[in-house]
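Asker: Here is how the chains run, residue by residue.
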Amino acid sequence: MEKDIKDRFDETRPFDVVRAEDFGKDLWEFYEPLEELIRNISGVDITGSRPIFLIGGRGTGKTMVLKFLSLEMQLKDFIKNILHQNKSIEELSTEEMRAFLNSKNFIGIYLRFRTTEYDSIKGDIARLFNPYLSIKTAEQIFKFLMILKSSMLLSDEHEAKIAEYFIGQIKEPEPRVKNNFDGVLKLMRENIFPQFETIFEKSSYCSIDEIKKDCGIPIIISKNIIFGLADCIFTEMDFLRKKSLFILLDELEYLNDYQKQCIGQLIKDSDETSVIFKVGSRYMPEVLSVGESGEVLQEPHDFRKIDITDALNAAHSGRKGDYCKLIKNILNKRLAKSNYLKDKGITDIQQLFPNITIEKEAVELVNGREKHWGKFKTFLKKSGSEKEIDNIIDYLRYPSNPIIEKLNMLLYYRGESPQKIKEMREEYLCGKNEQYVHLYQKNAFNLLFQLYSDYPPSKKKYVGIDVFIHLSSGIIRYAVELCNQAINTAYNYGYEPAVEKPVEFVYQDMGAKNHAELQFKDITRIPGNLGLDVQNFITEIGTIFRELHLSPHLVEPEPTHFETYYSEIKDKAKQVFDAALNHYYLQKKPPMEPKSSYETKKNDFLINRGFAPYFEISYKVRGRTYISASQIYNLIMGNDEEKKKTRKEIIKKNAKKEGPEKPKASQITLFDLIEVNKNETD
Amino acid sequence: MNHHIKNIILSNERMKDLFSSIMEKDRHYWKKFGTPDDIFKWLNNFLNKNEIYLALVLADNILYYNINEVRYLWRLILTNRVKRYLFDDIFEEDYSGKAEDITNQFTAFIKNKCIFIGFGEIYKSGPHMIYPFHQAVSNIIKKEDIHFIEYSNFLSSKVDLSDKKVIFLLDDFIGTGNQAVKQWKEEIIVSENYKSNQHIRFLYTALTGFLSGVENIEKHTDMKVILGESPMDDSFRCFSDSSLIYEDAAEREKAKEIMETAGKMLYEYPLGYENDQAVVAFCHNTPNNSLPVIWKKMGDGSWYPLFERFE
Chain A
1 MEKDIKDRFD
11 ETRPFDVVRA
21 EDFGKDLWEF
31 YEPLEELIRN
41 ISGVDITGSR
51 PIFLIGGRGT
61 GKTMVLKFLS
71 LEMQLKDFIK
81 NILHQNKSIE
91 ELSTEEMRAF
101 LNSKNFIGIY
111 LRFRTTEYDS
121 IKGDIARLFN
131 PYLSIKTAEQ
141 IFKFLMILKS
151 SMLLSDEHEA
161 KIAEYFIGQI
171 KEPEPRVKNN
181 FDGVLKLMRE
191 NIFPQFETIF
201 EKSSYCSIDE
211 IKKDCGIPII
221 ISKNIIFGLA
231 DCIFTEMDFL
241 RKKSLFILLD
251 ELEYLNDYQK
261 QCIGQLIKDS
271 DETSVIFKVG
281 SRYMPEVLSV
291 GESGEVLQEP
301 HDFRKIDITD
311 ALNAAHSGRK
321 GDYCKLIKNI
331 LNKRLAKSNY
341 LKDKGITDIQ
351 QLFPNITIEK
361 EAVELVNGRE
371 KHWGKFKTFL
381 KKSGSEKEID
391 NIIDYLRYPS
401 NPIIEKLNML
411 LYYRGESPQK
421 IKEMREEYLC
431 GKNEQYVHLY
441 QKNAFNLLFQ
451 LYSDYPPSKK
461 KYVGIDVFIH
471 LSSGIIRYAV
481 ELCNQAINTA
491 YNYGYEPAVE
501 KPVEFVYQDM
511 GAKNHAELQF
521 KDITRIPGNL
531 GLDVQNFITE
541 IGTIFRELHL
551 SPHLVEPEPT
561 HFETYYSEIK
571 DKAKQVFDAA
581 LNHYYLQKKP
591 PMEPKSSYET
601 KKNDFLINRG
611 FAPYFEISYK
621 VRGRTYISAS
631 QIYNLIMGND
641 EEKKKTRKEI
651 IKKNAKKEGP
661 EKPKASQITL
671 FDLIEVNKNE
681 TD
Chain B
1 MNHHIKNIIL
11 SNERMKDLFS
21 SIMEKDRHYW
31 KKFGTPDDIF
41 KWLNNFLNKN
51 EIYLALVLAD
61 NILYYNINEV
71 RYLWRLILTN
81 RVKRYLFDDI
91 FEEDYSGKAE
101 DITNQFTAFI
111 KNKCIFIGFG
121 EIYKSGPHMI
131 YPFHQAVSNI
141 IKKEDIHFIE
151 YSNFLSSKVD
161 LSDKKVIFLL
171 DDFIGTGNQA
181 VKQWKEEIIV
191 SENYKSNQHI
201 RFLYTALTGF
211 LSGVENIEKH
221 TDMKVILGES
231 PMDDSFRCFS
241 DSSLIYEDAA
251 EREKAKEIME
261 TAGKMLYEYP
271 LGYENDQAVV
281 AFCHNTPNNS
291 LPVIWKKMGD
301 GSWYPLFERF
311 E
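As you go down the protein sequences, you meet chains A and B in turn.
Each residue of the first sequence is one higher than the one before, starting from 1 at the first, in my numbering.
Each residue of the second sequence is one higher than the one before, starting from 1 at the first, in my numbering.
Derived from the structure by calculation, the hints contain no laboratory data.
Mixed in with the good hints, there may be bad ones.
Computed cross-link-like contacts, DSBU-like style, restricted to lysine-lysine with a CA-CA straight-line distance of at most 30 angstroms [unchecked claim]:
#: 1; chain 1: B; residue 1: Lys25; chain 2: A; residue 2: Lys459
#: 2; chain 1: B; residue 1: Lys124; chain 2: A; residue 2: Lys344
#: 3; chain 1: B; residue 1: Lys49; chain 2: B; residue 2: Lys124
If you anchor each label on the Cβ, the simulated ranges turn out as follows [what the hints assert, rightly or not]:
#: 4; chain 1: A; residue 1: Ala160; chain 2: B; residue 2: Ile67; range: 42 to 50 angstroms
#: 5; chain 1: A; residue 1: Asp182; chain 2: B; residue 2: Ile67; range: 39 to 47 angstroms
#: 6; chain 1: B; residue 1: His134; chain 2: A; residue 2: Asn86; range: 37 to 45 angstroms
#: 7; chain 1: B; residue 1: Arg27; chain 2: A; residue 2: Lys420; range: 54 to 62 angstroms
Here a beta-carbon is modelled for each residue, glycine too, at the ideal position from N, C-alpha and C.
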């Protein structure tokens, strides 16, 4: 029995519930449709006529998508958003049901595999998987037929025919059942399922012969019952013609190899039938065999794959605006459900977590202090008098934006005269100096990180809803969890929501950092004894990026992704690397163009941006860093000494620009950095 | 005031973690404060950052039992701990081995053979256990089937106990056990009801307590002690050498100095009744065995409690 979300929804903490399963039958009320966005980004239509594998880690929203496609959720959505009524599915009139069916090209039934019964169908009884899945599917189909019946759309003759067809498919022993839907469901619940359950239970301690002796031969179900039943229904009833039956199978990763082969066979057999499989899985099986035939399913001929995280990851897709809008809509829906916050006048997520500009953040950090001039003054003292130093600083000073001051210092290091810098800055402020504009845009964020390093122990703040959305790294649940962490932290310190009273930045930041730490700890939970190795590898990569962020040479501002030749990663290192990818701690990124024409394309990977607060690095996708496959091997498999050596090697190579031309100034090479990489995105 | 405490907490990572942990405990288990105001007020008793840090460690280690936990423990005591102990009494003649027999016989045994007494005078914590005890077992045994008598009545007036077998004495916490031993010797065994009903067994039931207190009672009285929780050893005493509250010796020493100095202003036993050094509190009250810095409220506003004790 599914629980009511109202039992779990705490109105003061509207972001507390995150798992699709926890929404129960009220999921549709919180659902923000992803299908269109996914279609726009990936080019694949989930509701199209092709079998789909919807791939995504925990919290990416795949269960939400699949559940929302189920008939029950679609009907609830229809009642609320099309009919604008507040009644139950059973209360739909014939005409309303007809209108619903006319508006859809599919009927969806949802089944998930993370249940103990599927796990126990192995060994001697492995072959019962297919009939068991068939009968579970049939049960859902009959539930859908009961809904049609309740709206009087289905005649007694239809009912009898369909029930007879189903009963006809069941052999040994000949069932004695009334030929109506109630009779069929009763047969399933009182006869067929208990038989299966007894067999599953006994299989753990009895041989198959003993089971046969004690339980008799189980009812045999025609393997084609799914297709046959669908065919019978969809041809029998005019109003269902040309529609498809979506069988929405969730959590494929819990099935064993044989069971996955069965799914492969079903997908193959579904070709040219009205049944279309939509399968959700945490990761795509490397090979999807068609039963025991030796044949394998191939994309795009047999199915289409959608990696939901890739599709939603704004940086990957370049549709940042769409992703931000989606997340904000999801969060605002939660707010709309909270009378507590509504009564306080809070209806928009930005009221709770307003954004802060990096300029404002810099001003708040500096707070009238002069520490960021310290190193610069020391540098000037080598060659100038106090008075000259004061003069120079007067030209470079711009207290209303310390980031500009940092940039001016770098320009001075580069050899520009103080007068020229002041002139450029003034032009920039009028929107005229493109070179300065570009330098500012490209480096401002990393200069802020460096500004923080001038003011220890202050640390970069991760605040504002837009930053949270960045940190979610394409994983919807992360965004909700970040908001939850932030508001919970604020409540811990006595926060009372009100209009014009957002969550203070300090608590937003603590929330983001807590979340990052929890995610980091969570890495160890990866199954297969790989968790610790993956965590260590992520630490190595994060440490490298952090070091590069603080490099005064700033060859690539905000390094957060790396490129490598993936196919060259070998042995256990590959296993660890793949585990990091499968669990989205590393994320794939479309490869950038090689820096020179003789280079081949490499594979680009992004450290999950949720870790940014943990490593104190940028959450944007900037600054690629090359790491060779052998270096990756060392970072994963090496001993502490080898790892340290490899880290240093990578940092040394990437922290300074290579090439014959030496910078004129002794420290900073900012003008050398104007190579704009057009593939870079925020 | 709150701002000052907040800033101190926010200035230190360890303090932030401790404070988060306390607030999470409150949210999920204690369900007492809801907002941090009372915690800030309590922290404000302490003089500086170091003291506040040590106070946070203390607060994070307090064993607080909310009403649901108290009820749960009473249910556990009656249906598990006591049932196991009294198994032979319940089935003195015949036991078929059927589960329903246990339930039925046990209910009949409680109804016909047992008397329940809130241990101590009316102003003590024992009698306050009667209400949550009732609530806890209401779906197992009907209210009218549980026979309560007041402790003072047991001591002073004649009660017909001839057909009874067990007297339950209900309490919340066992510290040294000295008080129970004293009452046993000076009040119970001199009472007429005790003298004329020597066949009756006494079960001293409490939610939790120290192992040494349990041993003391069982050694010096004829009472069998049954606790809801496992008895606490010295690691649950705030400043013992094996303390799990302040595990670091130097930190423990410093904390003891601070809590003892403050405690001297608050109660005649600065580290809890008979130096028990407990850190236990219940929803209905806090035992005086716990550190007075946790529970004492000074009328002049010079000390604000975290889990106030009501005398």
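Asker: Compare the structure with each hint and give your call.
Answerer: Tested hints:
1. B:Lys25 x A:Lys459: At roughly 28 angstroms apart (the allowed maximum being 30 angstroms), Lys459 of chain A and Lys25 of chain B satisfy the hint.
2. B:Lys124 x A:Lys344: Not satisfied, since the Cα-Cα distance of roughly 44 angstroms exceeds 30 angstroms.
3. B:Lys49 x B:Lys124: violated, 37 angstroms
4. A:Ala160 x B:Ile67: 42 to 50 angstroms: violated, 57 angstroms
5. A:Asp182 x B:Ile67: 39 to 47 angstroms: Given a distance of about 46 angstroms, which is inside 39 to 47 angstroms, the answer is holds.
6. B:His134 x A:Asn86: 37 to 45 angstroms: holds, 42 angstroms
7. B:Arg27 x A:Lys420: 54 to 62 angstroms: Once the Cβ atoms are compared, 58 angstroms apart, the range 54 to 62 angstroms for Lys420 of chain A and Arg27 of chain B holds.
The structure shown violates the earlier hints numbered 2, 3, 4.
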